[in-house]
Amino acid sequence: MTARTGRALHDAGLIAADAVADADRVAARYAVAVTPHLARLIGPSGADGPVGRQYLPASVELVRDPAEIDDPIGDEAHAPLPGLVHRYPDRVLLLPTMRCPVYCRFCFRRERVGRAGGMLPEADLEAALAYVARRAAVREVILSGGDPMILSPRRLGALIGRISAISHVEVIRLHTRVPVAEPERASAVLARALASSKPVYVAVHCNHPDEIDPAAAAALARLHAAGLVLLAQTVLLRGVNDDAEVLAALFRKLLRNRVRPYYLHHPDLAPGTARFRVSIERGQALMRALRGAVSGVCLPTYVLDIPGGHGKVPIGPVYRSREGLTGWRGTRHPDPHPGSSKSGSA
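Each position in the sequence shown, counted from 1, maps to that position plus 102 in my numbering.
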């Protein structure tokens, strides 16, 4: 069974007896859930390992940094209706559930996820779909939450079908932890339920190569076999993947499993997550080290979500300056396009 309390985590061999009380204090504030699959991946290394650090509660989560924000990416400021976020002109975020199979300790929606109930009421879902249907500029609907893949195949398939029926919606995207956190849930039945006459992209959240074990690889293969396009989102996390060799191994492993690395997120200012944050300079150094070490198709875009709902911006290293161009080996070269041509047309 999924471990949700300090005692259950201890019984699963994931935390020591003297950590049970602290785990329960954290669980009273922020949702905790570790699936049996993840418990096996965490193993005896516990919270000291790169998988356990992502999922096992720590007392420092109850210490809030002054810079941290309840809603760090500004969902509420851009929510015209319950369960719907409209931040960009051509796409909307639909949140059919605020429940997850597991709860990441760095989650930017940790103030909202895992509450009692957690499902978007049917009337609110109807209103959200009607909102999309009235706005021809919306070309993409992104299912997130919570984790939409905890919905039953019947319910998720019906939702995909209703979105697909909106003529101006061209693409459907779904964000999930399920393939690496509870891979048996990503069954062939669920994969087929996601299939649509329109392109369906599945963005898998994965932060360390150890998360892609044979069971996770099989889950990804089932999704791919159903005709789904697989992407990956990774969060840069101190003590988990803030190392160029670890990131290279992760991105290569994702690509081998037909998953295209899409974004490397700088960690958000969610409450109680300071232990995971690295500096932007550190992230840029890692991206510089990866440039040339892995192929372009293997390299995600390093992004920061501007607090307040102002959207994601690339924050990768700069290779062009007044001094010229910097190659991936760090060597300097003259800029072949130093400015506007004086002989060209105005």
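The reader is advised that the hints may include incorrect statements.
[To be verified] 35 Å max Cα-Cα, derived DSBU-like pairs, lysine-lysine:
{"id": "1", "residue 1": "K300", "residue 2": "K414"}
{"id": "2", "residue 1": "K300", "residue 2": "K355"}
{"id": "3", "residue 1": "K414", "residue 2": "K355"}
Please keep in mind that the hints were generated in silico from the structure rather than gathered at the bench.
For each hint, the structure was consulted:
For the hint pairing K300 with K414, the CA-to-CA distance comes to about 25 Å; that is within 35 Å, so the pair holds. The suggested pairing of K300 with K355 holds, with an alpha-carbon distance near 28 Å, which does not exceed 35 Å. Restraint check: the Cα-Cα separation between K414 and K355 comes to about 25 Å, which is no more than 35 Å; the hinted pair holds.
The structure fails none of the hints (numbered hints given earlier).
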